[in-house]
Amino acid sequence: MSEHLSTKNLATVEQAKQLGLLPEEFEKIKGILGRTPNFTELSIYSVMWSEHCSYKNSIVWLKTLPKDGEKMLAKAGEENAGLIDIGDGLACCFKIESHNHPSAIEPYQGAATGVGGINRDIFSMGARPIAQLNSLRFGNINDERTKWLVRGIVKGIGNYGNAFGIPTVGGEVYFDDCYQINPLVNAMSVGIAKVGETVSAISEGLGNPVYIFGSATGKDGIHGAAFASKDITEDSAKDLPSVQVGDPFWEKLILEASMELLKTGAVVGMQDMGAAGITCSTSEMSAKSKTGMKVWLDKVPMRQKDMKDWEILLSESQERMLVIVNKGREKDVEKIFEKWDLTYAIIGEVTDTERVQYYMNNELVADIPGESLVLGGGAPVYHREYKEPRYFEEIKKFDINKISDVYLDANKSKIENRKSAIDVAKALASHPNICSRKWIYNQYDSMVGTINQTTNAPSDAAVVKVKGTDKSIAITTDCNSRYVHADPFVGAMIAVSEAARNIVCSGGDPAAITNCLNFGNPYNPEMYYQFVYAIKGMSEACKKFGTPVTGGNVSFYNQSNDENAVFPTPTIGMVGLVSGNKKHMTLDFKNDGDVIYMVGENRNDISSSQYLVSEHGVQLSPAPHFNLDEEYNNQQAIKKLIADNLIQSAHDVSEGGLFITLLESAMPRNLSFNIQHSTFNIRTDAFLFGEAQSRIVISVHSSQFTDVESILNKMNVKFEKLGTVTNGNIKINDVDFGAVGEYKKLHENSLENLLKS
Amino acid sequence: MKVGVVIFPGSNCDRDAIYAFKNIFGFETVELFHKDHDLQNCDLIFLPGGFSYGDYLRSGAIARFSPIMQNVIEFANNGGSVFGVCNGFQILCESHLLPGALLHNDHQKFNCKNVFIKTQTNNSLITSNIALKKALKIPVAHGEGRFYCDEKTLESLTTNDQVLFRYCDENGVVSDTSNPNGSLQNIAGICNENRNVFGMMPHPERAVDDNIYNTDGRLLFESILSVVKSSL
Numbered sequence: 001m002s003e004h005l006s007t008k009n010l011a012t013v014e015q016a017k018q019l020g021l022l023p024e025e026f027e028k029i030k031g032i033l034g035r036t037p038n039f040t041e042l043s044i045y046s047v048m049w050s051e052h053c054s055y056k057n058s059i060v061w062l063k064t065l066p067k068d069g070e071k072m073l074a075k076a077g078e079e080n081a082g083l084i085d086i087g088d089g090l091a092c093c094f095k096i097e098s099h100n101h102p103s104a105i106e107p108y109q110g111a112a113t114g115v116g117g118i119n120r121d122i123f124s125m126g127a128r129p130i131a132q133l134n135s136l137r138f139g140n141i142n143d144e145r146t147k148w149l150v151r152g153i154v155k156g157i158g159n160y161g162n163a164f165g166i167p168t169v170g171g172e173v174y175f176d177d178c179y180q181i182n183p184l185v186n187a188m189s190v191g192i193a194k195v196g197e198t199v200s201a202i203s204e205g206l207g208n209p210v211y212i213f214g215s216a217t218g219k220d221g222i223h224g225a226a227f228a229s230k231d232i233t234e235d236s237a238k239d240l241p242s243v244q245v246g247d248p249f250w251e252k253l254i255l256e257a258s259m260e261l262l263k264t265g266a267v268v269g270m271q272d273m274g275a276a277g278i279t280c281s282t283s284e285m286s287a288k289s290k291t292g293m294k295v296w297l298d299k300v301p302m303r304q305k306d307m308k309d310w311e312i313l314l315s316e317s318q319e320r321m322l323v324i325v326n327k328g329r330e331k332d333v334e335k336i337f338e339k340w341d342l343t344y345a346i347i348g349e350v351t352d353t354e355r356v357q358y359y360m361n362n363e364l365v366a367d368i369p370g371e372s373l374v375l376g377g378g379a380p381v382y383h384r385e386y387k388e389p390r391y392f393e394e395i396k397k398f399d400i401n402k403i404s405d406v407y408l409d410a411n412k413s414k415i416e417n418r419k420s421a422i423d424v425a426k427a428l429a430s431h432p433n434i435c436s437r438k439w440i441y442n443q444y445d446s447m448v449g450t451i452n453q454t455t456n457a458p459s460d461a462a463v464v465k466v467k468g469t470d471k472s473i474a475i476t477t478d479c480n481s482r483y484v485h486a487d488p489f490v491g492a493m494i495a496v497s498e499a500a501r502n503i504v505c506s507g508g509d510p511a512a513i514t515n516c517l518n519f520g521n522p523y524n525p526e527m528y529y530q531f532v533y534a535i536k537g538m539s540e541a542c543k544k545f546g547t548p549v550t551g552g553n554v555s556f557y558n559q560s561n562d563e564n565a566v567f568p569t570p571t572i573g574m575v576g577l578v579s580g581n582k583k584h585m586t587l588d589f590k591n592d593g594d595v596i597y598m599v600g601e602n603r604n605d606i607s608s609s610q611y612l613v614s615e616h617g618v619q620l621s622p623a624p625h626f627n628l629d630e631e632y633n634n635q636q637a638i639k640k641l642i643a644d645n646l647i648q649s650a651h652d653v654s655e656g657g658l659f660i661t662l663l664e665s666a667m668p669r670n671l672s673f674n675i676q677h678s679t680f681n682i683r684t685d686a687f688l689f690g691e692a693q694s695r696i697v698i699s700v701h702s703s704q705f706t707d708v709e710s711i712l713n714k715m716n717v718k719f720e721k722l723g724t725v726t727n728g729n730i731k732i733n734d735v736d737f738g739a740v741g742e743y744k745k746l747h748e749n750s751l752e753n754l755l756k757s
Numbered sequence: 758m759k760v761g762v763v764i765f766p767g768s769n770c771d772r773d774a775i776y777a778f779k780n781i782f783g784f785e786t787v788e789l790f791h792k793d794h795d796l797q798n799c800d801l802i803f804l805p806g807g808f809s810y811g812d813y814l815r816s817g818a819i820a821r822f823s824p825i826m827q828n829v830i831e832f833a834n835n836g837g838s839v840f841g842v843c844n845g846f847q848i849l850c851e852s853h854l855l856p857g858a859l860l861h862n863d864h865q866k867f868n869c870k871n872v873f874i875k876t877q878t879n880n881s882l883i884t885s886n887i888a889l890k891k892a893l894k895i896p897v898a899h900g901e902g903r904f905y906c907d908e909k910t911l912e913s914l915t916t917n918d919q920v921l922f923r924y925c926d927e928n929g930v931v932s933d934t935s936n937p938n939g940s941l942q943n944i945a946g947i948c949n950e951n952r953n954v955f956g957m958m959p960h961p962e963r964a965v966d967d968n969i970y971n972t973d974g975r976l977l978f979e980s981i982l983s984v985v986k987s988s989l
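Quick mapping for you: the protein sequence lines, in order, are chains B and V.
Be aware that the first sequence starts at 1, since it is given in our numbering, and climbs by one per residue.
Be aware that the second sequence starts at 758, since it is given in our numbering, and climbs by one per residue.
Please keep in mind that the hints were generated in silico from the structure rather than gathered at the bench.
Predicted model, so just to flag it, every value in this text is computed and none were measured.
Virtual Cβ for every residue (Gly too), placed ideally from N, Cα, C.
Do not rely on the hints blindly, as some may be mistaken.
As the list claims (entries may be wrong) - Within a straight-line C-alpha distance of at most 30 angstroms, the following computed DSS-like cross-link-like pairs (lysine-lysine) qualify: (1) V/870 - B/155; (2) V/894 - B/756; (3) V/870 - B/263.
Claimed, not checked - If you want the ones that stay clear, here's a sample from chain V, every Cβ over 12 angstroms from chain B, calculated: (4) 830; (5) 835; (6) 912; (7) 918; (8) 953; (9) 986.
With these hints in hand, go ahead and build the complete structure from the sequences.
The following block contains the structure:
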């Protein structure tokens with residue numbers, strides 16, 4: 001075996017640039033190594049120092065997010081996913097991650113491999129996934145390419161998740177022109193582990209064998225290298241598929257094998273192979289433990305002949321795991337690999353050199369200090385410039401008085417230049433951002449595992465039972481990116497608050513969040529401003545709710561050029577606990593005659609509402625009214641009312657405003673509502689369709705409303721009695737809005753009709 | 758009664774089935790791995806849902822050839838009770854232990870939702886205790902669940918009282934609109950002529966736990982229990 005580094009193919013600054021590195025980064029690499037890297041080494045640096053692996057343009061700000069909490073078992077960034085203590089010796093492990101760019105090119109495989117990747121993050125820590133969610137953003141639904149993306153992405157998520165066998169229990173979908181070129185696919189997974197029986201991504205114990213197991217390695221997903229490979233292997237570059245292909249069957253097998261491996265006690269550390277494949281897993285595990293590793297690339301099981309060393313290193317073939325095993329326990333783990341018919345091999349061993357050394361056919365092809373590759377080590381860290389975006393000036397010009405209000409009374413003849421509230425109500429109920437997502441979620445297995453409590457008892461967050469305990473976990477993903485675009489600071493606070501509100505309305509206590517930060521080009525100061533202020537807003541809100549950030553991911557460059565970047569979309573994935581065998585709170589009205597209240601305050605506000613955008617075509621307006629203290633207090637009031645068994649339902653006011661909230665509460669049991677708009681100085685459109693935050697609609701049995709009112713008064717929380725649950729037609733100020741069934745038909749069938757046409 | 762739940766690579770409803778049999782109803786329940794040949798003296802073999810061997814060919818087409826299935830087939834041919842749900846039903850059809858086949862849903866999409874089914878006969882282990890008029894709310898979750906067979910088979914299924922369940926609406930009305938996948942005559946579950954092999958697409962094991970607010974599936978398990986009790 002040659003311990004002398006191959007000096008064939010010394011890299012050039014041109015290659016570095018083609019691989020996405022800056023000239024100064026190339027110089028930095030030369031400084032670290034004390035010599036010019038060869039092409040293989042340069043390839044390694046290029047992926048490890050890419051935005052995706054190094055967080056070089058975001059880490060400065062990510063570090064300002066609140067990370068501490070009494071329930072935290074792992075700090076953000078320390079492990080593959082967040083880990084919180086849920087009592088009874090159990091931990092909840094969860095994370096959200098983006099797969100935007102692959103999904104834009106090949107929606108089916110892009111979305112499928114996103115689901116695969118996030119689940120591997122969970123079970124590589126020793127937690128068995130129990131629930132999945134996804135947060136999707138698409139362009140105009142009337143566009144043929146959008147329809148193709150929706151069908152492909154939904155089928156990809158469904159086919160992968162369904163076969164993997166973990167229920168998809170929730171998520172969100174929005175359509176806006178800003179996502180036309182660049183859709184967003186954010187996938188979240190939640191798992192359960194025993195405290196003290198989780199695994200870390202570490203590599204310790206001199207001489208311990210390093211195993212790869214799962215699928216064989218092929219040439220798929222070698223993006224960066226493919227561009228630069230022209231000078232090196234002109235012929236092989238042509239057949240590199242750029243998008244990885246997922247195989248949920250293998251994923252299921254490596255899940256079961258991983259769970260059995262942990263029981264042997266032979267595992268030192270484990271990590272899945274995601275971005276940058278073998279390179280990333282071997283260097284991150286070594287750097288974390290301040291150890292070294294020898295890796296024999298020719299030992300890696302391969303799908304095709306004649307793969308180059310750098311192709312093996314950078315391959316992003318799916319469903320592969322790296323595991324460090326205690327020496328002497330090889331037979332115990334190999335028995336498990338064989339039980340599950342998995343491909344496996346010892347590809348290396350742990351050393352004490354603090355260098356990752358890759359060999360190909362006994363020749364040393366790369367020799368790099370592990371620490372120099374990773375985030376927190378030698379990877380570059382940048383402070384980027386930011387400045388207030390110019391479009392803020394347009395937003396400040398918004399004047400509600402220039403927008404004509406709707407009129408309520410359908411019996412009166414049409415009022416000139418004003419829309420009928422009934423017409424608007426129907427249009428919103430069928431709007432793609434508001435209507436039922438049934439066409440999508442029926443394609444996902446939501447009930448496997450027999451823990452989904454919201455199938456038959458719907459609530460604002462998904463609620464799943466932790467079998468064998470008195471607990472359930474409430475989970476939600478939220479982000480209204482229009483609000484974030486209008487005001488990144490307030491919009492991000494709203495995203496966190498809405499997530500917390502959904503958990504609270506489901507009877508849970510918010511515990512922690514994971515975030516998926518989808519933004520445009522970080523080198524554009526106006527876009528970086530959105531990022532910086534969204535982080536600041538997120539921090540504020542997370543501190544208020546006591547929900548630390550456990551990790552997540554950053555996805556920049558969601559654009560095809562600076563003029564059409566997506567709305568800044570910091571998707572929040574939040575988990576909360578419903579403890580003590582309590583039933584979760586549901587969103588549906590229960591009985592004819594129950595009293596309907598709104599907790600919170602109606603405002604004369606239509607800013608950034610779906611109504612303003614789709615009915616008046618106003619794209620730029622401020623974020624809706626929001627006050628963090630008011631939000632917090634209102635949530636505390638809802639918690640108290642639920643704890644005292646005083647309410648029948650709770651549902652927050654979000655897109656579409658109060659009318660849509662009432663409709664959503666009425667539809668499940670085919671009930672209806674009769675309400676009065678009695679607040680002076682509040683326009684009819686603001687009352688019905690405005691999206692001022694921190695409002696929650698509750699229904700109360702007529703025998704309990706005095707108790708409810710006294711608690712709300714005592715807690716100094718504003719509220720308004722709106723009316724009653726009925727069996728008849730919808731009535732607002734005695735105007736007949738028609739039967740709930742009529743709206744239900746529109747609401748349920750709209751998405752399917754839009755996608756069909 | 759001892760129940761054996763077969764685990765194929767890619768099975769994913771095995772744990773739910775074991776939870777139902779063992780934790781909810783107290784059956785002695787064991788796992789049977791696909792590579793084994795030992796049915797461990799079980800009285801009832803249960804084939805769970807999932808995507809056996811990935812189901813990349815036709816659902817159940819590979820599982821039929823797995824080592825343990827050779828013993829399951831022999832067991833069934835000797836009169837042993839075998840019950841398959843979803844992928845289990847598909848495997849039983851592929852193994853020719855049940856007549857007919859399960860084709861891609863007529864709408865060509867995977868479909869997971871609550872549906873209603875109505876019991877057609879009490880003359881079987883899994884339906885002995887279910888009122889014939891009652892519409893049971895049971896979830897489906899499949900892409901290939903459209904029951905199909907030739908006319909002669911269909912006739913014999915009816916003549917021999919082998920149709921166990923049909924899809925209906927919440928009021929028990931069997932119609933095209935209550936058919937979630939285009940199955941012939943809304944057939945959701947059948948048994949073989951000897952009445953010891955049972956298959957259905959809906960998942961009764963997903964409707965037994967109070968925690969998820971739907972327990973209509975209990976009636977099937979209670980039927981099995983009542984047969985066990987009466988034979989004691």
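Results for each hint:
For a cut-off of 30 angstroms, the pair hint linking residue 870 of chain V to residue 155 of chain B stands: about 16 angstroms separates their Cα positions. Straight-line distance between C-alpha atoms of residue 894 of chain V and residue 756 of chain B comes to about 29 angstroms, which keeps the hinted pair within the 30 angstroms bound. Taken as a hint, the residue 870 of chain V and residue 263 of chain B pair is broken in the structure, with Cα atoms around 35 angstroms apart against an allowance of 30 angstroms. Every C-beta of chain B lies more than 12 angstroms from that of residue 830 of chain V, the closest at about 22 angstroms, which supports listing it as non-interface.
At the 12 angstroms boundary, the C-beta of residue 835 of chain V stays outside the reach of chain B, the nearest C-beta of that chain being 29 angstroms off. Residue-level check passed: residue 912 of chain V sits 33 angstroms from the nearest beta carbon of chain B, beyond 12 angstroms. With a closest Cβ-Cβ approach of about 30 angstroms to chain B, residue 918 of chain V is found to remain outside the 12 angstroms limit, as its non-interface label requires. The claim that residue 953 of chain V lies off the interface holds: its Cβ sits roughly 27 angstroms from the closest Cβ of chain B, which is beyond the 12 angstroms cut-off.
Chain B leaves residue 986 of chain V outside its interface by the beta-carbon criterion, the shortest separation being 25 angstroms against a cut-off of 12 angstroms.
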